[in-house]
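There are 4 protein chains.
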Amino acid sequence: MPSETIELRGHIIDSLILPKVLDEIIARGATFKIGEIRIGEQRTDQSFARIEVTAPDSDKLDELILRLRQHGAEVREKKSVQLAAAPADGVYPQGFYVTTNQQTFVRLEDGEIEVKPALMDSAIVVDPAAKTAQATKFYGIKKGMEVVVGHQGIRVVPLQRSTARTDIFEFMSSNVSIEKPKSAVIREMAREFKRSREEQGKILVVGGAAIVHTGAAGHFEKLIEWGYIQLLFAGNALAAHDIENALFGTSLGVNLEHGALTGQGTQNHMRAINAVRGAGGIKPAVASGLLKSGIMYSCVKNDVDFVLAGSIRDDSPLPDVITDAVEAQKAMRAKLEGVTITMMMGTRLHSIAVANLLPATVKTLCVDINPGVVAKLADRGTFQAVGLVTDIEPFLRELTDFIEADR
Amino acid sequence: MPSETIELRGHIIDSLILPKVLDEIIARGATFKIGEIRIGEQRTDQSFARIEVTAPDSDKLDELILRLRQHGAEVREKKSVQLAAAPADGVYPQGFYVTTNQQTFVRLEDGEIEVKPALMDSAIVVDPAAKTAQATKFYGIKKGMEVVVGHQGIRVVPLQRSTARTDIFEFMSSNVSIEKPKSAVIREMAREFKRSREEQGKILVVGGAAIVHTGAAGHFEKLIEWGYIQLLFAGNALAAHDIENALFGTSLGVNLEHGALTGQGTQNHMRAINAVRGAGGIKPAVASGLLKSGIMYSCVKNDVDFVLAGSIRDDSPLPDVITDAVEAQKAMRAKLEGVTITMMMGTRLHSIAVANLLPATVKTLCVDINPGVVAKLADRGTFQAVGLVTDIEPFLRELTDFIEADR
Amino acid sequence: MPSETIELRGHIIDSLILPKVLDEIIARGATFKIGEIRIGEQRTDQSFARIEVTAPDSDKLDELILRLRQHGAEVREKKSVQLAAAPADGVYPQGFYVTTNQQTFVRLEDGEIEVKPALMDSAIVVDPAAKTAQATKFYGIKKGMEVVVGHQGIRVVPLQRSTARTDIFEFMSSNVSIEKPKSAVIREMAREFKRSREEQGKILVVGGAAIVHTGAAGHFEKLIEWGYIQLLFAGNALAAHDIENALFGTSLGVNLEHGALTGQGTQNHMRAINAVRGAGGIKPAVASGLLKSGIMYSCVKNDVDFVLAGSIRDDSPLPDVITDAVEAQKAMRAKLEGVTITMMMGTRLHSIAVANLLPATVKTLCVDINPGVVAKLADRGTFQAVGLVTDIEPFLRELTDFIEADR
Amino acid sequence: MPSETIELRGHIIDSLILPKVLDEIIARGATFKIGEIRIGEQRTDQSFARIEVTAPDSDKLDELILRLRQHGAEVREKKSVQLAAAPADGVYPQGFYVTTNQQTFVRLEDGEIEVKPALMDSAIVVDPAAKTAQATKFYGIKKGMEVVVGHQGIRVVPLQRSTARTDIFEFMSSNVSIEKPKSAVIREMAREFKRSREEQGKILVVGGAAIVHTGAAGHFEKLIEWGYIQLLFAGNALAAHDIENALFGTSLGVNLEHGALTGQGTQNHMRAINAVRGAGGIKPAVASGLLKSGIMYSCVKNDVDFVLAGSIRDDSPLPDVITDAVEAQKAMRAKLEGVTITMMMGTRLHSIAVANLLPATVKTLCVDINPGVVAKLADRGTFQAVGLVTDIEPFLRELTDFIEADR
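Protein chains in written order, with our numbering: chain A, 10 to 416; chain B, 10 to 416; chain C, 10 to 416; chain D, 10 to 416.
Looking at chain A on its own, in the form it has when it is part of the complex (with noise of 0.2 angstroms):
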């Protein structure tokens, strides 16, 4: 029966990574032999182990090794990657890995290369001569292109925990929590993102109309103009809504400040979207003068990058819509360099489409009223995610009193 020696390191054992590994061999009705086992003593020691795993046919054993490839697991023997070329414009070769958001590397002849930029669910792209390595999606492919296939050669370096625990990140995990006290946990946030922006890191706003709708525009329009919003991507409906209030004072017909229903229905609505493109967009209206309050307004006027990305339930997209969706992943990932947080708040969809963009190193605040959306966000198998299920504009006031409080 064909075997292979495996190599894991690092913190192994509180990462759990140990268990899943011998757990997958075993469920894959494969064997073990721990050749060595060194625990780290120390939270900050690393750990190793080295086994050697036997299946019972080579199909099987490379099918392992692939899962285990994923847990971190190295194989002993090293091999270059291999290469396929791509058989069509838009078509990957048969066999093509599939990667994961971990920092992955593939080896060439010559060493090592890391894969750039860690996205999930593309293929990875070659060139050996200029010693790249890409995740590529379908449309960037070109007939030709050299792609990896099968999974030899491929280092995948899973997020470890870290061995402090300052970070609100780790300590909570992915923990959805609906009867708990949040205060605590929005005091930290409030850290994380000070912390952030004293190290450059930019922090990103995944958003739904909610924040409109529930009254939060003014705290989020706060954090914008303290500096501590870079990006932000929504739909058409944020923006709308935002616009439909600083135009009108009403979001979908509802007075944000009285509350009662005006009768509108969605006809201020309509307007507003009509007014921004008379105007021919929203940056036009800023200049215009037409539009002077709101969250897009705050965008414009402190140079916060934004993608509006349409969808097929936006019946009267704003003209700065992007209502193609793959050209709107494009502007999106586009932007995405240099993100250390992003914090979704009120959108099933934008949130997802996002998250599937994201490397695994972003640290992801996910804030919904529906507790099915933060376990949704919120459980993706990494040590970065932290689910809080309350209501948006609460959260956002809290938030925005912590980080004044500290300025």
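Hints may contain errors.
One copy or two, either will do: identical chains are not told apart, so a pair holds if it fits within one copy or between any two.
Pairs of lysine to any residue residues, derived as SDA-like cross-links and limited to a Cα-Cα distance of at most 25 angstroms, are as follows [said to hold, decoys possible]:
no.	residue 1	residue 2
1	Lys42	Phe57
2	Lys385	Glu16
3	Lys151	Gly289
4	Lys151	Gly290
5	Lys146	Glu336
6	Lys152	Ala36
7	Lys151	Gly210
8	Lys301	Gly236
No lab work stands behind these hints: they were computed from the structure.
Given the structure of chain A, go ahead and fit chains B, C and D onto it with the hints provided.
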């Protein structure tokens, strides 16, 4: 075919009573002829309609008239109620009339008397000599008591929308709002609370342990101290977690200050209950100096009456908990007189239980982060329930802030 | 004070139109005098009311009349619509009238013409020469087109409840039932489906990937084969998971036969998409023999038209997916003619999108295990939506069984 | 700094016990030195680790050791448990040990004895003479009883995953699946039921009124008749609705055959309860011929034992309902001996109550359409709970079909 003439009075158009009545008649295969209709010109005017209803047979007519009475229809020929003796303790006679929680009158030989209390799903025990009519649960029935049977001689007066729109409970009706701005509603609630207190109305809180878990106990204690709460109905959980928090600073082992798990699990919880058991109850625990803070402490110190009702889920009740459900209901009902506002927060079980006990005239506010709970409670077919889907801690914080600003 | 006389006709009592109109008048500070009222004695009779409405000023009167029109009120003096030219491509003129999805007529000099299609949140482009009035989205507007402004000369005919109660869509109205017996409703749905097919009505399914995940694809394929589905609107997910299942027997790596995780994660998913990309699309993949089973295969084989609309969430779309939201909506709208029933299953995003496109006359059934989705879709203010909170697989199994038993 | 040596045995790697223990040690500021580690090579092999734990002070060490014991750690030096006398009836002594629902042993001078039953959140009463150790709730405590204090001499044996993967409860673990194919899981459940019956295990159903509302009573009755149910725990609602359905064909006034509202509201419900009250209870009602069908009838006819527990929500209990929560729990616990499978369906309240009473060894299946209920119940930290988010009627239909096919 048998027919009967009914009359409708009041705001029968804008309370939708007339169309509901006509609809009911047609839907049950009966026909109607409108004898007279006078529609109030002004909002403050009463309307009137006299309608002759004809049904295929007298059984169907009876059943229909029964339904129409529940919409407020009066039958023109006045007949006295029919009574039958209860056949045994705890058993109603055949054909007993089932009450609603609307104001109801029964006609005796010499005039009408009001049924008290306005309690749903009961039978009516009449004492012709004493001229009393009492809504009575099974357990209040003694053999031989005179109980109303059939539906003759009964008049129901459904709650009608007042003509002024100053009242949040009428303005909102059963509007369950997730993505709405809540500040305006909470500000209105603060005004309602103030108004109720000025008019000597009692405010009842039905509360769950989420008040403590979410860190909202401090806000609640302020409301108690300021005299805004006269009555608290809860389960073992609210009291036990509150006392755990007062004694150990945790709620089910979660440190409420730092949001951190102490790793004590249910231990502090059990020790808190044991300590109160040792003291002989909550009041002795306050008297002895064991219990020095928290919601229950504030209740004792400010003479807020409380009923703690047991549940099959509580495996370790405090000594103050009434573990028998029937006894607990009796204790609650005995204290409901004079209650004008009920605020239900964070408990599905106790909120439904109390909703079953309340007359239709009590204004009800239901706050929960679970939209299903709010929908179930806010949508009980009266004009008097407001539901808010939101987090309890920020809700109570904002309510307290509004009340404080206005003191 | 200015006044105007309106008339109401039809089932204005049992459709609650009269009380809504009176309520609206009073709520907006106007007064009314009922000139004449004739209430139909029988369910099949039409009722009639003539009401003089007086408002404080003509602006308020105009706004009120606009609202009353949406309840079906007609203004007695007949005036023609007012038109204004679109100032630029994609921009409506100031004061444009916003459509609903109800049947609407505009009055020209020489009579009324119907607005087509009955599409909400559009403006109305009138061609007086050709005597056409077309509901037109922003992107259909060219500079200079004549667009209806104000609300004069517009008549809306709200959908009225039919007099017979044979129709499940009227019987249920927007009843969202979790804890109700569903077999009776599903049996009625089977009958509606049969009736619709006998009358050559088209049945549209809006479907999410949950149809595949829950193992319901086989039932759905039967409906297609038996000729019960004419149109399928979906996203990339439904098609991609269906094809993954057809090629690999898994859906996102879950073996649908054994319910077991294969540990392949998203790999099979990516390989399925790649295979279809290699083939050049779904139809070529069927033609070439690559795709031999599944929902998409059945659609191709049975000439069921489909539109796959992209979403920002899809990072790897099939070639058949229309990634531009506006183009996808156009493609959908072009196929809606003749649709009498829409069945929405397991997709919030696409269901809301399609609901925005449907005229009020299309009967809509929404099936989802999430009560929030069902409530949002079933409660759209018409008599024609039924919501079922249930699991898709057993729902489709039972629906298919009823239809089969009755074939 | 004080230290102690602990030992871990069993499937400590693949049950994740070792990493949890190491993690706990570090997280609490203690350090460890691994003296010996032997990892089982085969899935069936036991592993072993001896670890020296050092903490800053002996209080911290004690607290840590207490936690480690709950992960199954044994302390090497064997000491006897410490006992203290209960200071009063119903009160534990200071420092009492709080039980889990795992198998637990206490060490006396002359050896270990097992604590019975395995009941969480109790204290342990030891009778050294009789050599018994009993988990005892507050109400079982009499003044002077010897109760375990501290954590010395206590050994907890956590449930370990079996080495075979034939068991659905281990295979699924706490997997709550909404969008998964459920047929495979239900088929496995049918097999588990059969296996349990062959081994004379008792099957307990904890059921809510949704079984009746959703029209699933017929399926449930089949399971009873075929001998698959030995015990039913429910509230007043299940029994009252079942009997309403048996006597009147409705459930809260909804006709279960036609799904139509009969307009009787709660009347039939009240009349059904009154009829049983008149008969003197459920068994007399069956004996007298009043009750001739339904779930409760089948229970009586097939000698299925039942406990109906009251709730503050029940305003009109059947005479069989135990309205006192403590008495109802006693009645339930007295019948749990021999139960191997518990199926919880459609009741949050009673399911949580029963979950509190069950030892960790009982396999639990929780079926509910509300994912929150399923998550709460399935995620209780054992390997033995399976949650299904689905509709009860089709679930029971399919389960019954599988069992029938296999009889």
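These are the hints, each one checked on the structure:
1. Lys42 <-> Phe57: both (14 angstroms within a copy, 15 angstroms between copies)
2. Lys385 <-> Glu16: neither (32 angstroms within a copy, 38 angstroms between copies)
3. Lys151 <-> Gly289: Between copies only: 15 angstroms across chains, 36 angstroms inside a chain, cut-off 25 angstroms.
4. Lys151 <-> Gly290: between (34 angstroms within a copy, 18 angstroms between copies)
5. Lys146 <-> Glu336: both (12 angstroms within a copy, 22 angstroms between copies)
6. Lys152 <-> Ala36: neither (39 angstroms within a copy, 53 angstroms between copies)
7. Lys151 <-> Gly210: Neither. Shortest intra-copy (34 angstroms) and inter-copy (45 angstroms) distances fail the 25 angstroms Cα cut-off.
8. Lys301 <-> Gly236: within (19 angstroms within a copy, 45 angstroms between copies)
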